[in-house]
Each structure stands twice: as structure tokens, then as C-alpha cells.
Amino acid sequence: MGYNIAMVCDFFYPQPGGVEFHIESIDIVHGHASMSSLAHEGVFHGSIMGLKTVFTDHSLYGFADTGSILGNKALKFTLNCTDRVICVSNTCKENIVLRGAIDPLLVSVIPNAVISTDFLPDPSKPKDDKITIVVISRLFPNKGADLLTGMIPKICQANSKVNFLVAGDGPKFIDIQQSIEKNRLQDRVELIGGVKHEKVRDVMVKGHIYLHPSLTEAFGTVLVEAASCGLLVVTTRVGGIPEVLPNDMTIFANPAVDSLVESTLRAIKIIEEKRIDPSKFHDEVKHMYDWTDVAIRTENVYDSIDESSKLTTLEQFRKYYIMGLSKGKYR
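Heads up: the sequence shown at position 145 corresponds to 145 in the UniProt record's numbering, and the numbers run straight through without jumps.
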């Protein structure tokens with residue numbers, strides 16, 4: 001069955017605007033990202049207008065800090081009358097069920113995917129005895145930039161054949177740069193700053209190991225991209241990351257410097273001893289993650305919304321009314 005879908009998110013539509021469903025003949029309003037104000041507005045108004053509504057979340061959020069508390073309040077209100085919710089991992093599903101206080105049976109898990117042909121291994125990679133560890137990340141605390149700063153000198157001290165290639169920018173860039181200068185590692189650690197997504201593959205294929213020291217992650221599409229490029233992945237065991245790749249492609253660590261150092265050195269030894277052939281990872285990944293499969297599963301979610309079970313406007317107002325003064329009566 002075909003649908004006319006209004007995909008609503010600040011990422012897709014950075015300019016404010018409305019949805020004229022009577023002109024566009026929209027059947028479904030699909031919002032993305034629980035911190036997108038436009039997604040919340042689109043799904044809320046879509047529900048009031050009697051349209052099918054779906055909400056997708058791609059991230060994990062906490063419960064204690066002020067931003068999370070306010071965001072969770074808004075999420076609970078928006079999902080109160082939303083027909084279906086999609087999450088990128090089971091961990092993400094558990095997170096949004098708790099934050100939004102919704103029925104788990106309304107939540108489907110559909111992982112992200114990659115265009116595998118855009119992330120092919122490089123068969124012409126030089127066969128020397130040097131091992132390059134690649135990091136591509138936003139250099140923020142929640143992405144493990146502090147862990148990276150602490151572990152790079154230890155890895156370089158433990159193995160003289162290891163070099164680092166770090167791509168990304170953020171507030172922790174200077175800290176990493178200072179650590180490199182302090183430990184005199186300028187000839188072994190290359191900082192290249194931010195890279196465009198179309199250049200990510202060109203950076204990845206220069207390495208043998210992909211390092212991902214993140215402190216929180218709902219899924220981790222970059223891990224799929226790295227494996228598709230033929231890199232052995234070393235990553236923290238947090239959030240939805242353990243669901244992404246099989247164990248033969250991944251070495252897990254706790255989110256601590258010593259644990260990451262130990263796991264990285266283990267990965268280096270595996271590469272040195274040629275115990276695995278990472279170039280075969282690509283063929284496995286292309287069958288595991290495919291956008292066509294994602295589209296089919298998403299359409300199945302759309303099909304599962306029963307028109308007859310839609311709440312009337314009065315029933316919706318009753319549900320919104322009980323949300324409280326700020327989010328109910330005076331919305």
C-alpha cells in the first residue's frame with residue numbers, strides 16, 4: 001500500500017513551517033528525534049487532525065538532569081496519542097518506553113542501515129608492519145573524548161608499531177592536541193579535524209582497527225560503516241552497541257581508559273597474528289544492514305495502524321487533559 005508521508009524533524013526541515021494535509025493529501029505524519037520541537041509539533045497536530053502518526057527516536061537520554069526531565073515531559077505528552085513508535089535498538093526501545101510511559105507493544109525496533117557499496121574495503125592498502133587505529137567521532141565528553149585523550153599515549157607506549165588517525169572536531173580537540181604534544185607523539189598521531197560524510201570511507205580504509213570509546217550510543221551506525229570497510233572494531237559496551245555487530249567483528253571494553261587500552265592491545269595482537277580476515281566483513285555486513293529492508297519494515301509499521309482504533313478528538317483531549325496544568329489544560 002502506498003502512503004503520502006510528512007517526515008517531520010528539525011534535521012530534515014530546519015526552517016519553521018506547517019503541514020497542509022488537505023493540499024498535500026498526507027496520510028501519515030512521521031516525526032524523528034525526541035529533542036526536535038518540530039517533530040513534537042508535527043506529531044501532536046497530526047494526531048489532532050486524525051492522521052496516522054509515527055515517532056522515531058535515534059538516541060538515548062537520561063532522567064536526572066534538567067534538560068532530560070523537560071524533554072521527557074514533552075515526549076510523554078506527544079506520545080500520549082501517537083499511533084506507533086520506532087526505535088533503532090532494543091536498548092533505545094527500553095529507554096523511550098520508560099521516558100514516554102507508553103505501551104511496549106506499540107514500539108517496533110528497526111535498526112539503521114548503510115549503503116554498503118559506499119563503504120568498500122581498499123584492496124590496495126599497503127601490507128606493511130604498521131597498524132593504524134582510526135577514530136571518527138565528534139570530540140565531546142559523551143563520545144568518550146576524555147577516554148581517548150588518556151588512552152592514546154598508553155597505546156603508543158605499549159606498541160611502537162601503532163599509529164592513530166583521528167577525524168572529528170569538538171571542544172575536546174585541544175585537549176587531545178595538548179596530550180599529543182606533551183607526550184611527543186606528533187609523528188604517530190594525526191589529527192585531521194572534521195570530515196564530510198562522503199569522505200568517511202576514504203579515512204576509514206587507511207586503518208586496520210576502528211576505535212569507538214563512546215559513553216552512550218543508541219545504535220552506532222559508524223560501527224557498521226567501519227566493519228563494511230574491513231576494520232576490526234574496538235568499542236565500549238554501552239547502550240545499543242552490543243546489538244550492532246557479531247562478536248567476531250567486535251572487541252568490547254568497559255568505558256574506562258585501562259579497559260579500552262587492554263581491548264585495543266588485544267585487537268592489535270589479533271591483527272598482527274592475522275587471526276582474522278577483516279576484508280571479509282564487508283560481505284557479511286551488506287546482508288545484515290540494508291535500507292530496502294528498513295523501508296519494508298517501516299511500511300509494515302504503517303500498515304499495522306488500524307484506522308478503526310484511532311481515538312476521536314474528544315478522547316484525545318481527555319488523554320491530554322490528564323497530563324496536568326502545563327501540558328494538558330493549557331497546551
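Among the hints, a few may not be true.
[What the hints assert, rightly or not] Here are the computed distance ranges between Cβ atoms for each label pair:
#1 A295 x K269: 28 to 34 Å
#2 D258 x R318: 51 to 57 Å
#3 K76 x D128: 29 to 35 Å
#4 P104 x K269: 37 to 43 Å
No lab work stands behind these hints: they were computed from the structure. Beta carbons: idealized from backbone N, C-alpha and C, even for Gly.
Verification of the hints:
1. A295 x K269: 28 to 34 Å: The hinted range 28 to 34 Å is violated for A295 and K269, with Cβ atoms some 41 Å apart.
2. D258 x R318: 51 to 57 Å: 55 Å, holds
3. K76 x D128: 29 to 35 Å: For K76 and D128 the Cβ distance comes to about 55 Å; the hint is violated.
4. P104 x K269: 37 to 43 Å: 42 Å, holds
In this structure, the hints that do not hold are numbers 1 and 3, in rising order.
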